[in-house]
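Visitor: Listed in order, the protein sequences are those of chains A and B. In terms of numbering that gives the first Met the number 0, the first sequence has 312 at position 313, counting the first letter as 1, and numbering is strictly consecutive. In terms of numbering that gives the first Met the number 0, the second sequence has 42 at position 43, counting the first letter as 1, and numbering is strictly consecutive.
Hints are computed from structural coordinates only; laboratory data are not their basis. Careful: at least some of the hints might be erroneous.
[Said to hold, decoys possible] Here are some, though not all, of the chain B residues that point toward chain A, as calculated from beta-carbon distances under 8 Å:
1) G31
2) F83
3) G268
4) L294
Cβ atoms here follow ideal geometry from the backbone N, Cα and C, with glycine treated the same way.
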Amino acid sequence: MMSTDCVAMILAGGQGSRLGVLTTTVAKPAVPFGGKYRIIDFALSNCVHSGIDTVGVLTQYQPLELNTYIGSGNPWDLNRNSGGVYVLPPYQKAESGEWYKGTANAIYQNMEFIDKFNPKYVLILSGDHIYKMNYSKMINFHEEKGADATVAVIQVPWEEASRFGILTADENSHITEFAEKPAEPKSNLASMGIYVFSWPVLKRYLSMDEGNPNSSNDFGKNIIPNMLSNNEALYAYGFEGYWKDVGTVQSLWEANMDIIADPPAFEIDDKDWKIFSRNPVKPPHYMAKGSKVTNSAITEGCEIYGTVRHSILFEGVTVGRGAVVEDSILFPGAVIGDNCVISKAIIGNDTVISNSCTIGDKTITDDPHKNKYCSAGISLIGGGLIISEGIKIGPEAMIKESI
Amino acid sequence: MNNTMGIILAENQEIRLNELTDVRSVAALPFGGRYRLIDFILSNMVNSGIINVGLTTMFNYSSLMDHVGSGTPWDLNRKTYGLFFLPPYIRRSNTSGVSSGSVDLLYGVLTHLRRSPQKHVLIAGGNLVCNMTFDGAMEFHRQNEADVTVIYTNLAENPDQLKRTTVYELDSENRVIGIEHNPRNPKTPYSSMDMYILERALLIDMIEEAYAKGSHDFIKDVLLTNLTSLKIYAYEHKGFVGRVDNIKSYYENSMLMLDDAIRKEIFSGPNPIYTKVKDQVPTRYGENSSVSDSLIADGCRIDGTVENSIIFRGVNVGKGSVVRNSIIMQNTIIDENCDLESVVIDKECTLRPLKRLIGQPNYPIILPKRTMI
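Could you build the full structure based on these sequences and the hints that come with them?
Guide: What follows is the structure in structure tokens.
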């Protein structure tokens, strides 16, 4: 495939408010994942491995961290002479200037950018999914079917189907019906929010949608249903493999734990499909005398003096003497003091848990910090905080300020 | 420091680490779990603001070339200056062989020296483990209006190694009044770090003259013979210096990285040590892993026991295997129930189940690259 055949657009502007304190200062795609990655690394790495080297990243909410992280794109080999990765925030235009109103409007506002590359196809991706996918296979499928739009679908358990956009397709994968979060789903084929469009067709629909003041300018709610009702050629491309939308604290925690399951539910150690990321400049991690680590993933710059069980530690994390960390995710630079007990928690960047604290203490049932976004017993401690010595925090608490 | 250029002599003929340096330059020796020795001097130069760095080599420089690449990890892929890889200069008319000493190496890079506009040159070797900047030495050089400033470290605590270095005799002002190379009975503990600061124009003159006379060695034939005519001053570097000049010192300095204070000085100070990135996944620990007092790089899979060891990127330690006091380099696979003590295993070796290798800390067993047992 010629690389300029297809431009990928990654939707990375959402706040991801259900991740609570993890996204107060960063957009969801910039949230750390899997020990040394950010969520957006998966979409970016997939693009590069699929031979797509022109990628637009649409940012809006708290873009600073994401902009800095993407930089010139060299960690993903996307610092190219032609093409490469572009960060595309909303901008002021001659007549008007406005925020991205919806996913479709974000693409509409960047039609000039896409036109510059004159592509046959545009691939629309979400910046908040964890998966490995060869998009070139989907584009080939789109080409073979002569489709105007192709939607990637995955089979979900029937009982969960009503949480997704559900597609019905005939035996030729031709889409006949689309229902957003149907109460009584007719199939269990869920849209993954990944679309290939023939660019001239999409342009037409984006302009049409923009002319409708009542539209929410969304791919799932407007563009796809409009194309369907006009009998455009819409096809469903079946994807098999691991795919997870990490929009909630619980799903983020689960997807992380999938990496360290034995065998892993999601294997990131794949020589043929490496997930690229901006690597920290840190020495190998140090395991002190008296440390004990099992069923965990640990990366560079960590210093482990205590016990770590079934957890993921990002770069530069310290676990003090006598401390026990289990079922937890410690973001870059987190410091766990001596004799702490951390159970089923996500600890934000550079947060210091002072000595003898307990996080996820099951004996506390009425923690005032209990938060609706924290479920399944998972506690969330924000980034850059200091938790004072001896503090005890119950399960499902969200801590936003130092205590 | 942006008016100083760096020249790294990545090969030193006096240094041999048997199998480990048969396949690579000394500067390309893997060190500390994810580095090569060259990373230290390269990072030190860059952290001092030097952005014109020339790298001279002699033998087997492909692994060095592969490692430094275009210099991106050190921010040395620049339009102006950056990293210059300077392979041996062999003229068609003189195919007799490669150059044989530091003078020959420097003569080979004269064109590069002439073309660079920086006023000063910092010459350094590629076999020291230290984290330093050169601002202090440069200031010292200026204050003394020195012709040459040499950098040294006090090796009083390691008399054995002192005898394998160049030792300076100094007056009260730290002017060099005597130089001894590999002395049997060193007069002082002031051991050369093989780092020299001097004006570029002076260096060019010195090298042309020495080469014309058929001299080979920068220390013996240039510095020593000009001891009275040149103002040579010595600047002391006070931090940790790990000199890798044989297997024993390689092993000992590697193990010193397990010391909290030394490790923090080298890796966690304000100036990072950069290296080539490999996009390895985090290291996975299994159900039965047990690790103590060890450095473990990314991309490993640890299911056995590791004690007091340095484990490089992509190493597997199988169930029931025990690794003690050892250095295991990149992508080596240790299968189940192996027993290893005081071994240095080079890259990409494979140990089948139930293998037993026991060396001594002062005489570790070396397994050459890609050995399969």
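Visitor: Tell me if the interface restraint on G31(B) is satisfied: Cβ within less than 8 Å of some Cβ in chain A.
Guide: Nearest chain A Cβ about 7 Å off; hint holds.
Visitor: When the nearest CB of chain A is found for L294(B), is that gap smaller than 8 Å?
Guide: holds, 4 Å
Visitor: Is the shortest C-beta separation between F83(B) and chain A less than 8 Å?
Guide: Because about 21 Å separates F83(B) from the closest Cβ in chain A, which is outside the 8 Å limit, the hint is violated.
Visitor: Less than 8 Å between beta-carbons is the criterion; does G268(B) satisfy it with respect to chain A?
Guide: violated, 11 Å
When the structure is compared with the earlier hints, violations turn up for hints 2 and 3 and for no others.
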